[in-house]
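*Asks:* Sequence order for the protein chains is A and B.
Position 202 of the first sequence, counted from 1, bears residue number 202 in this note's numbering, the numbering being contiguous throughout.
Position 294 of the second sequence, counted from 1, bears residue number 294 in this note's numbering, the numbering being contiguous throughout.
These are computed hints drawn from the structure, not numbers from a lab.
Just so it is clear, CB atoms sit at the ideal spot from N, CA and C, and this is done for glycine as well.
What you were told as hints is all true, and nothing was included just to trick you.
With a straight-line cut-off of 20 Å between C-alpha atoms, the simulated DMTMM-like cross-links for lysine to aspartate or glutamate are:
hint	chain 1	residue 1	chain 2	residue 2
1	A	Lys277	B	Asp366
2	A	Lys251	B	Asp191
3	B	Lys386	A	Glu284
4	A	Lys251	B	Glu166
5	B	Lys246	A	Glu179
6	A	Lys195	A	Asp175
A partial selection of chain A residues facing chain B, derived with a Cβ cut-off under 8 Å:
hint	residue
7	Gly132
8	Pro136
9	Ile180
10	Lys257
11	Glu265
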Amino acid sequence: MGQLNVAVIIKLEPDFSEGNVSYNPDGTLNRAETKNTLGPHSGIAAHAAFFAKVMYDAKVSIGTMGPPIADLALQQAQQISDAEELHLYSDRLFAGADTLGTAEVLKTGIHKMKEKMDIVFSGHRASDGETGQTGPQTAWKLGFTFLGNVVSYTVDMETRTIRAKRLISLQGTPDVLEEIEAPLPVFISIDPTYKSSFDKVSQRLAFQKYKKEAEKRADNYKDYFTMFNADEIGVAKSLVGLPGSPTIVYKVERVPKSTATRKAEVIDGSDPEAIRKAVGKMKEALDAMVIK
Amino acid sequence: MVEKYRHLYVVVEIQNGKLIPISKEMIGEARRLMDGFNQKYSSDEKVVAIVLGSDIKDLSKELIESGADAVIYCDNPQLEEVTNIIYTKVICQIAINKKIGGQIESKYAQDFKRPRYMFFAADSIGRHLSSTVLAGLNSGLASDINQLVIEDIEMSHQQKTAGKKEIYEKTLEMYRPDFSGFLWTTILCLDNRNPAFKRDYHPQACSIIPGVFEPRKPDSTREGKIIEFIPRIDQRDLKVKILSRKVIESTVDFETPRTIVSFGRGIKEEPEENIKLVEQLAKELNAEVGITLPISKKPYPISSRLDEKYMIPDRVIGTSGHKTSAMLYVAAGVSGAMQHVWGMKDSGFVVAINPDENSPIKDECDIFIKGRMEDVIPLLIEEIKKQIQIVETV
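Next up, chain B with everything else stripped away, as it sits in the complex (with noise of 0.2 Å):
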């Protein structure tokens, strides 16, 4: 059979020259996905790494080591710096370069047309890259996904398959949270294959949160293909000049503190005063504090000195902010949602503060003090008092 795609392309990202941790992230998902896959369909389609940037030869045996079978470089001073539209074009270039296709797998070097599959970060580079890539190549893309699977899927469309049934095979599942975290919503990339608008849509791709996948652990007698590619590249293209770069050290520090005091929707009835009861308790616990995605959004009005201090992106726990492993962890008024369990879990000891037994958040706990945060937090701040002094270490 023609397989005119093949294979999971994965673009991994660098910063000061080294990868960043969402690149053997990524790398050792697919690397577990595609050894499912070559099982399940008796095939041989590889985990392919491609690497851009300036002096980044050596990258590639790391790849390999974390779970690629080839690496596309493209060393180039003018890829140094990470900019929209030039990334964009030498991925897109990469992507449909049949001669690449050769290289990693002569067989089917004749058929080779796209990458079946492919992963980007879904970060402030790989987010908006992963969009122009995908616009480019005029296919489908899926963000912020944290689990994968692939499948044969049997279904029928109005519109894909003209309501017809259809199997759809090598399917890649696609589950991103919604941003209660109480959804999981599957996403597919399929072709059209009603006849009136009749058209491919490879590579099926996404974006993966960071952090979600374990990396494997490297293996230094993995062998793979590594293969240089040289992108044209149009000086109309470089029109974007990177003028300087400042490290920004954050407000929010949730790696020093022993313990975090986190709060969610659980202030609503008084936020006001629900936020000065944690802001409070994380002072008698010399605590940083934390919030759930929900509250980044600012659903109630509060002050603007709470407002500006608490209701901010830096500070949320879960899978679009921090992850934590705090000595002690006290959730007030958080219900557990999956994206924000995911920040969390690796803490201590975890007290939870909710009237509702029912929680997930229940699940997740050590204590479980079942009331509403108006009510308990005032008792435990004056039991604090009484048995606990926090003694600054340095």
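Chain A with its partners taken away, still in its complex shape (with noise of 0.2 Å):
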């Protein structure tokens, strides 16, 4: 039946939760003042993992590409997903790179990593601007099958194929849950909806089990980190950073005021005789209500 391993590929991300993100008085996020963290869509790739972890008993690896402090991404990555792997490819030839540089370095990384691996999984996408194109655009370079918005899915061990259900959305019909098959291996990106259940009394003893390791393996987190640069991945140059990235960020500006479409009437949020007649005024707005 053979092994089952799977890799994660994650991003540190500003902290969007109260009291660690900060943002500047016009409305835009103060990057130098909030805190940073496993963005949260790694964070459910990471779940996602750990569920292979307890119902296949499944190796797993994560890999990152960023600056040193990205540790901390891992670290926390591990203690969701019992990983006894954690990749930090950090170089200064790898800034500024835009997706597709960076998924040069993360194919890179996978082929580097100790197992074969027959699932890769990524989150959705990241919280702060990245746009989700880093996952599928891996997935391409691995050449492995991308199976996107991934809700759930389960392996057969046997015959080495997932089946698994993706969340479609488009504009102007309904979503749509579809159930799929496909041969190992594939490349997950995990949709936001997802959750592990672990319904057996076999799974739930598993995953407590591995949850522990997990916190154990976390504290020691060092013990599995490897750091790798340029040279020691052994990526071409001119394929990663700068180089290697197609687009650039032109500009970044305040998106202009547009025109006033409606002129407001201001009024006085204390002032119970303003509030009665603002009421009148929704009342009047809503021809099919009716006046008691």
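Given two chains presented individually in distinct reference frames, assemble the corresponding complex, making use of the accompanying hints.
*Replies:* In structure tokens:
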């Protein structure tokens, strides 16, 4: 039957939770004041990998490209997934990469992992402006079948095939839940609504066991951690960082204030008489409502 | 001059044999852009629609009426269902096919290498498809775009031009709003002219947010070329089997209710209590509850009942979610970021509750109630109870 090997690619992102996130007075993100953490979608991908650990006793590896402080994200993802291999791809040469340049690094890194992967997971997208392109582009470079928007999956270890449910939302049509089957290896970008569930007692016991193991491993995450620079993973320098990136950010500007579409009547919210009048106008707007 | 990159290819999407709205929106925007382009550069580059599927030839006429100059179609039962790998390969084959370039326009048949620009839809299919196609073509992609401009850009860039000043002609400026809706990032896809890393990056591609651009009025007098493409299909690329498809009904309904009450980051001081207030207000008005995009990222710890009910992507009003034309729209603690405004601006009557009179929402509402939602909503509820009784209509 053979071992099941899974990898997760993750990202260190600004922490949008209250108390950690900071906005400038104009409503934009204050990056300097905002703390960093494992991206929430990366966290969901790590949960999906832990599902494979519990159900199929999979071996989990995690990779990320980022600055040296991104080891924090690896540790957090290890705590979720009980990974036994943590890779950080970090080099000045990687800086400024767009998704294509990033995917090249991640693909090369995944090839560098100890095992030949059966499933690679990524989050749906990053929260801070990244676009959900890195996952599918890494999949393409790996030559893996890409499955997007996956909300649940099971693996048939005998036939080495995966069954997955995908949530497809298209404008103007109702959402569709599609069930698909594909031979391994596959690349899965996990839907934000993904949730693991463990129905059998044996699964819950395995869950508990590996959860404890994961905590322990994360406490000593350095034992599982390797940092690679460009030479160490052996990427072609023309394919990563700025040279390997077709796109650049040309400018960032405040969205120009659009011309007012309505002329607002400003009222004082603490004045009951003003509120009474406002409700009167709301009532007029709703012609199907009737007065008592 | 040799023009190896020509035309704008638009990958359209269909569902149950019909074009979905974004397809005609993309064609409409492509037409507008290329009309301007052809005038500006005295050129004659085309809007080319690409459509894949089974039994889809008849859609070609509709695409031409919507603004396309040419349609490339692949009619094949094996393309009936969209699976990423086979769609990616077929679209890449089309993009680099010289013969097709010659069929679109015989004059440049010899020189044609690839399309100049490419459009995809920013939805569950197009987002991933655009990523893999552009990885396959080794060129650049900008996602979730809501404004497009073509310009000659003079720039010097440390890497792209080795610091030298260069003019990039006919460059597609691709604008994408950031998650907050207050910043606009312009992405460019540029050839590397740096001698150390010389490489062409074409096509310049993007995925477009559904609902942003207007489709054109169909013009039945328009004519265009209809080109069939017979793809090479490797059986190994057909290994993904679709076992079942189930339509799911949304639990959130922004169509039926006449009133929508939305909340945004203004709940932050007392998230739990404020969401309960919004809930009560919505109940009094028989309204559905909407949220802004940042709320769907769950920035505040609240009870799981409220979290699972309200802080979900399905409730987002705006370009990342739904568009409404409710008769009454109440925006509580909503600042009025561009993406949100797009989703609510067609509402009949808009009431905003916000302590900050400088919030952009003030320009988008009919009544601006200045104050914190925790103070204003209880007064509103009390008054609504006195004045309004909702009659359920069937």
